[in-house]
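K.L.:
Take a look at the letters that make up each chain.
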Amino acid sequence: EADIYQTPRYLVIGTGKKITLECSQTMGHDKMYWYQQDPGMELHLIHYSYGVNSTEKGDLSSESTVSRIRTEHFPLTLESARPSHTSQYLCASSDETPTSYNEQFFGPGTRLTVL
Amino acid sequence: KNEVEQSPQNLTAQEGEFITINCSYSVGISALHWLQQHPGGGIVSLFMLSSGKKKHGRLIATINIQEKHSSLHITASHPRDSAVYICAVRSSVYSGGGADGLTFGKGTHLIIQP
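Chains as they are written, first to last, in the numbering used here: chain L, 1 to 115; chain F, 1001 to 1114.
Same shape as in the complex, but just chain F (with noise of 0.2 Å):
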């Protein structure tokens, strides 16, 4: 069973600060995606990848495959990024077929003050 294991679970900053959200995950992966939920529930995907890193404004992801771990950076952090970050795994092993969804970490909760 992958487990997956997202730290901090809460993270309190001021604004402006760059932030860091750790993910580690037990088994092989064939995608890693990053998430973000607003206190109203609904999700948004922000970043899906399986090697590198990814840019996209003032958000970074990285990944390393070997030591199966995952980071998600925020620059220049601001109050509306204020939300809960989840890193969710895709097994490697697809075989079209049983519970192929994904994995998903318990979240963190990050507020950022002004």
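For reference, chain L alone in the conformation it holds in the complex (with noise of 0.2 Å):
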């Protein structure tokens, strides 16, 4: 069983607040990615990071932005939500190196809804 944690769960908001997706993972994975997905449709990539200190943006453009200080853990946070936040977001981790990729182990997502 996958140990990656997302919270909360649920989010209901105001426009122009500022929030914090949190995702940890207890797997010692060094590769995590943050995907959004709107009802009905295709996750996309949003961000990614190969490990501490590195974040790189995904193929949908995104107004949020990750940190990875630590290992485990890899928030993502909204400056100033809007309704288009609207959607689900899902964190992942692997264990994939430069020379081996391996299956992705998907967070529980958050569903997120700005008023």
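Calculated from the structure, these hints are not laboratory results.
Incorrect hints may have been included.
[As the list claims (entries may be wrong)] DSSO-like cross-link-like pairs, simulated, lysine-lysine; straight-line CA separation at most 30 Å:
(1) F:Lys1106 <-> F:Lys1053
(2) F:Lys1068 <-> F:Lys1053
(3) F:Lys1054 <-> F:Lys1106
(4) L:Lys57 <-> F:Lys1106
(5) F:Lys1068 <-> L:Lys57
[As the list claims (entries may be wrong)] Not everything, but these chain F residues come out facing chain L in the computed CB check (under 7 Å):
(6) Gly1042
(7) Ile1043
(8) Met1048
[Claimed, not checked] Far from chain L, some chain F residues (derived; all Cβ distances over 12 Å):
(9) Pro1008
(10) Leu1011
(11) Arg1058
(12) Leu1059
(13) Gln1066
(14) Glu1067
(15) Ile1074
(16) Pro1079
(17) Ile1112
The structure presented is a predicted model; accordingly, all values stated were derived computationally and were not measured.
Just so you know, even glycine gets a beta-carbon here, dropped at the ideal spot from N, CA and C.
Combine the two chains into a complex, taking the hints into account.
P.N.:
The structure is reproduced here in structure tokens:
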């Protein structure tokens, strides 16, 4: 069973608020990802990290930012939430290396609603 | 850009039926994933494969690299199998840099009725 956690699971917040979505994994994985999934649509990569102090933007442009100060922790922040940010956000991790690709383990997701 | 197409989009079947979900992709890949997403939103990885066939319990996944096609089969389907099944692929162009996450299909929404 994957040990990757996301909090909160559900968040309803007003426009303009700053929010941070938490993601933690206890597997010691270096590679971590954030995906965004709109209702009924496919997942899109918005951020990823190769390890501590490494963050990169994904395929889908996002106004969110991420940080990776510790291996196990990969939080996502929205400085000023807007209704267009309403979506589900999924965090994942893998023990992928430059010479070995391995499966990703997904967290339970955070369903964000911005009013 | 790699496109991932799944069919059918929606499938309703009776308990006990044999289920097949298909996935086609457009470019070379290094790996293909089958994922299961329950109504709560969390995703579970069912299979990762790059060739041949894998089996786990009542689930079987096959891939044909030449035809760029994969299938997920469920034998003796059960209402607890009701979920969205997602196909995702990893491009074979892996440079160790760049946006190298997975490309996802839209998913197949499966309902198994008792």
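K.L.:
Please verify that the nearest CB of chain L lies beyond 12 Å from Pro1079 of chain F's CB.
P.N.:
holds, 21 Å
K.L.:
Decide, holds or violated, for the assertion that all CB atoms of chain L are farther than 12 Å from the CB of Arg1058 of chain F.
P.N.:
Arg1058 of chain F clear of chain L: closest Cβ-Cβ about 19 Å, beyond 12 Å.
K.L.:
Holds or violated: Lys57 of chain L and Lys1106 of chain F, Cα atoms, limit 30 Å.
P.N.:
Roughly 22 Å separates the two Cα atoms, so the pair holds.
K.L.:
Classify the label on Gln1066 of chain F as holds or violated, using whether its beta-carbon is more than 12 Å from each beta-carbon of chain L.
P.N.:
holds, 21 Å
K.L.:
Taking the minimum C-beta separation from Glu1067 of chain F to chain L, is that value above 12 Å?
P.N.:
The claim stands: Glu1067 of chain F keeps its Cβ more than 12 Å from every Cβ of chain L (closest is about 22 Å).
K.L.:
Check the non-interface label on Pro1008 of chain F: least C-beta distance to chain L beyond 12 Å or not.
P.N.:
holds, 15 Å
K.L.:
Would you say Leu1059 of chain F is clear of chain L, with no C-beta pair closer than or equal to 12 Å?
P.N.:
Label holds. Min Cβ-Cβ 15 Å, cutoff 12 Å.
K.L.:
Does Lys1053 of chain F lie within 30 Å of Lys1106 of chain F when you go C-alpha to C-alpha?
P.N.:
holds, 23 Å
K.L.:
With 12 Å as the threshold, tell me whether Leu1011 of chain F passes as away from chain L on beta-carbon distances.
P.N.:
Per Cβ check, Leu1011 of chain F is outside 12 Å of chain L; nearest 15 Å; holds.
K.L.:
Taking the least C-beta to C-beta distance, is Met1048 of chain F closer than 7 Å to chain L?
P.N.:
With a closest approach of 4 Å, the Met1048 of chain F hint holds.
K.L.:
Over 12 Å to the closest beta carbon of chain L is the bar; see if Ile1074 of chain F clears it.
P.N.:
Holds, since 20 Å exceeds 12 Å.
K.L.:
Against the 30 Å threshold, does the CA-CA distance of Lys1068 of chain F and Lys57 of chain L hold or violate the hint?
P.N.:
Distance of about 28 Å is within 30 Å: holds.
Going down the numbered hints, you'll see the structure goes against none, and every one checks out.
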